[in-house]
Amino acid sequence: MDFEIPESLRMMQETIRRFVKQDLEPISDKVEEEDNIPEEIVQKMRELGLFGLSIPEEYGGLGLGTLGECLVYEELTKTNACFRSRIGTSNGIGSMGILFDGTEGQKRKYLPRIASGEWTACFALSEPEAGSDAGNVQTAAERDGDHFVINGLKHFITNGDVASLATVIAVTDRKKRSRGGITAFVVEKSTPGFYTGTIERKMGLRGSHTCELIFDNCRVPVENVIGGEPMIGKGFKTAMGVLDKGRLTMGACALGAAQKLLDMCVEYSKERVQFGKPIARFQSVGNMLADMATEIYAGRQMLYHAAWLRDRGKMVIKEASMAKLFCTEMACRVADKAVQIFGGMGYMKDLPVERFYRDLRLYPIYEGTSEIQRLVIARELTKD
Amino acid sequence: MKICVCVKHVPDSAAKITIKGKNQFDESINFILNPYDEHAVEEAVRVKKQVGDSEVIAVSVGKKDAINTLRSALAMGADRAILIKTNIRADSVITSRALKAAIGQDGKPDIIFTGKASIDNEGFQTMYRLAAALNMSVASNVIAFSLDQERVLVECEMEADARGIIDMPLPCVIGTSKGLNKPSYPTLPAIMKAKKKEVKIIDLESLAIEKPMSSIEILELKPAVEERSSKELKGQPEEVVMQLIRVLREEAKVL
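Just so you know, the sequences run in chain order A and B. Reminder that position 105 of the first sequence reads as 104 in numbering that gives the first Met the number 0, one-by-one numbering, no gaps. Reminder that position 60 of the second sequence reads as 59 in numbering that gives the first Met the number 0, one-by-one numbering, no gaps.
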């Protein structure tokens, strides 16, 4: 077995580490306060190539494998989570539908623009009545000659306001639904009848905008069906494929944040003196550090192994769900302990610990809840 | 214009060095491009852009893993690289002779940039020996560099608050220091491109360099024990503040 990280990926980790230290950390509090990432930082992300991690080289991206993408995310989530979120949809859910199921024309038209960061892509699936039950989307696309007319409301759409392009999941046959009645469209933001709704107020992840998208008689040509005419009614599979791919990268995001919290806790507990000695020397604190480190180690092995398998062309449905489930829930446990170790300071906004605590709470929810991951794992275990 | 950059593969200063046996250390730790050499690569690439129609060649003497440091230089913008491969721990005499031979084979450059020292051995000698061997002018501790046709103007840090200004002809060897520039970290596309750039590997033995009359041998390695002691600053508040600023600047080097 070879556990060595390839040199080019190690160099990328180093680049992200420097980017975090020099450019992101200094403005993290400001971004948190203003709930906005400055344009010059987004521009720097474009120059670094961060919008095209997983898009193949032939379409202008870096063509990184799953492990490469995970390693980049792991480093990038050691700071304010919103920065990773800004690039997340373009690298993942916003572009992968086009990459997996799009026509060659759609790939050539959209992927280079997404990879360069010129256009941000988002993924419009969630609705008030369709969360984990994705087949229950109410947004409808009615055929009208060589067009579809889309009507409906999407919500909780990450980067919905800054996106120039959305992968939209809509029902085209209410009777069939997930069995042939859901279609995936690529819709440009400039299309008449496509609007950004309310920007939602969240518990955390400030700086990353989550919003409603409104479709009001939005006419899109049939060629905007992802995969074209033959893929009408097959959008549920596209949506699930997109979410499936994102599971490992979500695990990586949780892992990076958990590692950062552990590093902060180790440093703090060695410096913070109570009862005449550093708190790290108290068994109760030492136990917490040990548990955090052990869980992080377990999560990392799981994640890298599943990523490695996927890069070797193996099906990793079960392993990816396990890694997403474990890493995201583990990071929440780590954050809880981190607040406890920092004590009162852990609850204060002067330090980033409370921000990690709030931000991480989203991870076991979005891009497939823990409950859905367990369902997938159980289904894989018991299938004939 | 042909520009060479000599770079060294050194242990990361943040790594925990564990001594093995009498004079070896555990080399499974992270190694990096020598930080002073980063300034050299950055300046070489800047000069290349300024002059146009130029080539930057990164050269290193070291074990096979030094190729990773050459890849870093390529990702920062060098065009191709040469690794002089050896398992011996080369001192500045051997290193400069090896560099001279390999650079000579490749064709004499107009400028050679290299860090003023490597952070592992801190010999501060390689650039002088290389310049002497190639009969080129040399300046070290360079914190400002400008090129005008066939002449180079550099500012060198002599000691705190003292700078020397040297006007020198090409070809020359420049020992770069902090303050010369701010090395940029490579972008991810540049790292991907660097994978495809040429790295020529030459065995040190094949260069048949002249055996030096003397060389440095490391007899024993010992961990450095940092002595900690407290110091009291005395005087009027204004004086104490000035003393504190001096200590922070010159001793702690945090300002």
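To be clear, the hints were calculated from the coordinates, so they are not data collected in a lab. You may find that some hints are simply not true.
Said to hold, decoys possible - Below, simulated PhoX-like cross-link-like pairs (lysine-lysine); rule was C-alpha separation at most 25 Å, straight line:
| # | chain 1 | residue 1 | chain 2 | residue 2 |
| --- | --- | --- | --- | --- |
| 1 | A | LYS175 | A | LYS108 |
| 2 | B | LYS210 | A | LYS20 |
| 3 | B | LYS192 | A | LYS43 |
| 4 | A | LYS276 | B | LYS230 |
| 5 | B | LYS15 | A | LYS20 |
| 6 | B | LYS177 | A | LYS43 |
| 7 | A | LYS108 | B | LYS192 |
| 8 | A | LYS269 | B | LYS177 |
| 9 | A | LYS43 | B | LYS181 |
| 10 | B | LYS210 | B | LYS199 |
Run the distance test for LYS276(A) versus LYS230(B): straight-line Cα separation, threshold 25 Å. This hinted pair holds, its Cα atoms lying about 23 Å apart.
25 Å Cα cutoff - pair LYS269(A), LYS177(B): violated, 32 Å
Hint consistency between LYS15(B) and LYS20(A) [alpha-carbon to alpha-carbon, up to 25 Å]: OK: LYS15(B) and LYS20(A) at ~21 Å, within 25 Å.
Does LYS181(B) lie within 25 Å of LYS43(A) when you go C-alpha to C-alpha? Since the Cα atoms of LYS43(A) and LYS181(B) sit roughly 16 Å apart, the hinted pair holds (cutoff 25 Å).
Hinted pair, alpha-carbon criterion (25 Å max): LYS192(B), LYS43(A). Please report holds or violated. Holds, at roughly 19 Å.
Proposed proximity, LYS43(A) with LYS177(B) (alpha carbon, max 25 Å): Roughly 24 Å separates the two Cα atoms, so the pair holds.
Assess, step by step, whether the Cα of LYS210(B) is no farther than 25 Å from the Cα of LYS199(B), and give holds or violated. Given that 25 Å is the threshold and the Cα spacing comes to 24 Å, the pair holds.
Mind checking the alpha carbons of LYS175(A) and LYS108(A) for me, to see if they're no more than 25 Å apart? Not satisfied, since the Cα-Cα distance of roughly 31 Å exceeds 25 Å.
Given the hint that LYS210(B) pairs with LYS20(A), does the C-alpha gap stay at or below 25 Å? Between LYS210(B) and LYS20(A) the Cα gap is close to 46 Å, so the pair fails against 25 Å, i.e. violated.
Is the Cα-Cα distance between LYS108(A) and LYS192(B) 25 Å or less? holds, 24 Å
Against the hints set out earlier in the document, violations occur for numbers 1, 2, 8.
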